[in-house]
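Trainee: The primary structure of each chain is shown beneath.
2 protein chains.
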Amino acid sequence: MSLLVIGTLAYDTIETPYARRENVLGGSAVYFSLSASSFGAVRLVGVVGGDFEKVDLERLSQRGVDIRGVERVSDGKSFRWAGRYEADWNTRTTLETQLNVFEHFDPKVPKAYRDSRYVFLANAEPKVQLRALEQCTQPGFVVADTMNLWIEIRRDELLEVLRRVDGIVLNDEEARMLTGERSLIKAAAKVRDLGPRYVILKKGEHGAFLVGENVRYALPAYPVDQVLDPTGAGDCFAGGFMGYLAAADCVEPATMRRAMLYGTVTASFCVQGFGVEALESRRRAQLESRFNELLEFVTL
Amino acid sequence: MSLLVIGTLAYDTIETPYARRENVLGGSAVYFSLSASSFGAVRLVGVVGGDFEKVDLERLSQRGVDIRGVERVSDGKSFRWAGRYEADWNTRTTLETQLNVFEHFDPKVPKAYRDSRYVFLANAEPKVQLRALEQCTQPGFVVADTMNLWIEIRRDELLEVLRRVDGIVLNDEEARMLTGERSLIKAAAKVRDLGPRYVILKKGEHGAFLVGENVRYALPAYPVDQVLDPTGAGDCFAGGFMGYLAAADCVEPATMRRAMLYGTVTASFCVQGFGVEALESRRRAQLESRFNELLEFVTL
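Residue numbers (the working numbering), protein chains in the order written: chain A, 1332 to 1631; chain B, 1332 to 1631.
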């Protein structure tokens, strides 16, 4: 499959009501690619500093992630994020964001990646997303993520991204902020008017839904017994979703619906471990087993 | 069908960000019975004061609700509730609750109702629920509702109710309060350990799920364009659910799942009107149409 992701590779410091861990491997592109790699090879474009451990890149390679697109700035420091979750898991406070080498990141898509048909633009400043996308020579299905910050301070550039992509993933708060609509169904329709043919709304523990051409599909989250760390769940959802589509090389409604299920179960593994731990130890058979379980949970 | 409900008939004063209405027909048993009556006759047990308008009882009769079990206390005042919703619809503040004739309500189940096989004990003090249930001679499938107040101040009596019913409907907050479990899946399992074979967890705009013997089923809410007034949505869900089961006279898993869908679409009509307005104007064909639409929305 030819799936490209551009986003962050990071070291995160995460506090939950139950634990605190410093400098664990994280970043949107890391979560995404470890998730999508269940379905085939993933091409990763990103940047790290001289402090980024070789062993962490090897963790990616071992899972089938192509890291030739990871640029290393030897005299720079990797992207770092620190955040804290409250006991309800829905409230997250960002304690610190150090852009570091990501601040002046000018993404370079290696020649070997440029024919990628499936492209995921993980959360980044819109101009960085556009810069990566314009290097792709034959994008077939492009999906972007974003965040409240860009909706607020880079609205015009973000609107340009929306005009150029096939799909966008947003959480409920972002969808409301972007459109001014309280109703998520109305918000999704307004987002589609801005360009993307497909809108995926993520609602965390309440699941996700897809609205697009000829398709509407709603799913609850997979009911995990215990959440350890929700960091990266949205990127894992996107990774499972895009990974399945890219492997199937199909974006028909029936395939999209199955992709939503794979995204949901992939995210469920993510939240059961700290950082990317549970993603790394997951086997494909477990994914399939949980897929079937969720399917039974939602089938009449 | 032989479906009995015991609960409140009330006059509500409701404030939303868009409107304020005084003394509109409401009450748990009113919302429930207007919903369940789409599927057949409903037997209603409740109490009203001398101030309760005859025309409001006629509104119920016209929809197929048997009101012979509604006691009138001529020198008393009907139950009254006032509440306000914030713009997110999820935050509700109770401004006033006047129990009035409901305070010393001793439910009397008419002889003609006592053979009811399907029984819904709407939210009331647990001892009132038990008093009604013990008059039923052959209850086959009994479901109860409750609220945070009884979990706090009438825990022992509520536990007695739980031991005697087949199913319980709870919202997420109540389930967590009752069990001390944050995870709704774990909470549902703990509630089942307290007695009910079936637990229905209502999550408002995020849908509902059912956990019981041989069945687990999750549904999103039907995506309405606009919410006017969420009052009574939970009772309408229960009314659609129980009404369908009673009409089918079956509680097999496949029937339960369909009943969950009917509960969901019934609640969706409720929130689109003020008070019971939208329930009254709804036609069975609209219910079926929305049933099919929701089914498509959740089917792989």
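A couple of the hints might just be wrong.
Note: identical chains are not told apart, hence a pair may lie in one copy or across any two.
As the list claims (entries may be wrong) - Distance condition first, Cα-Cα at most 16 Å in a straight line; then the derived EDC-like pairs of lysine to aspartate or glutamate:
#, residue 1, residue 2
1, K1517, D1556
2, K1521, E1583
3, K1517, E1536
To be clear, the hints were calculated from the coordinates, so they are not data collected in a lab.
Trainee: Between K1521 and E1583, at a C-alpha cutoff of 16 Å, which is it: within one copy, between copies, both, or neither?
Mentor: neither (22 Å within a copy, 41 Å between copies)
Trainee: As a check of your reading, is K1517 near E1536 (CA-CA no more than 16 Å) within one copy, between copies, both or neither?
Mentor: between (21 Å within a copy, 14 Å between copies)
Trainee: For the identical chains here, do K1517 and D1556 meet the 16 Å Cα criterion within one copy, between copies, both, or neither?
Mentor: Classified as between; 6 Å across copies, 33 Å inside a copy.
In the structure shown, a violation is registered for the earlier hint numbered 2 alone.
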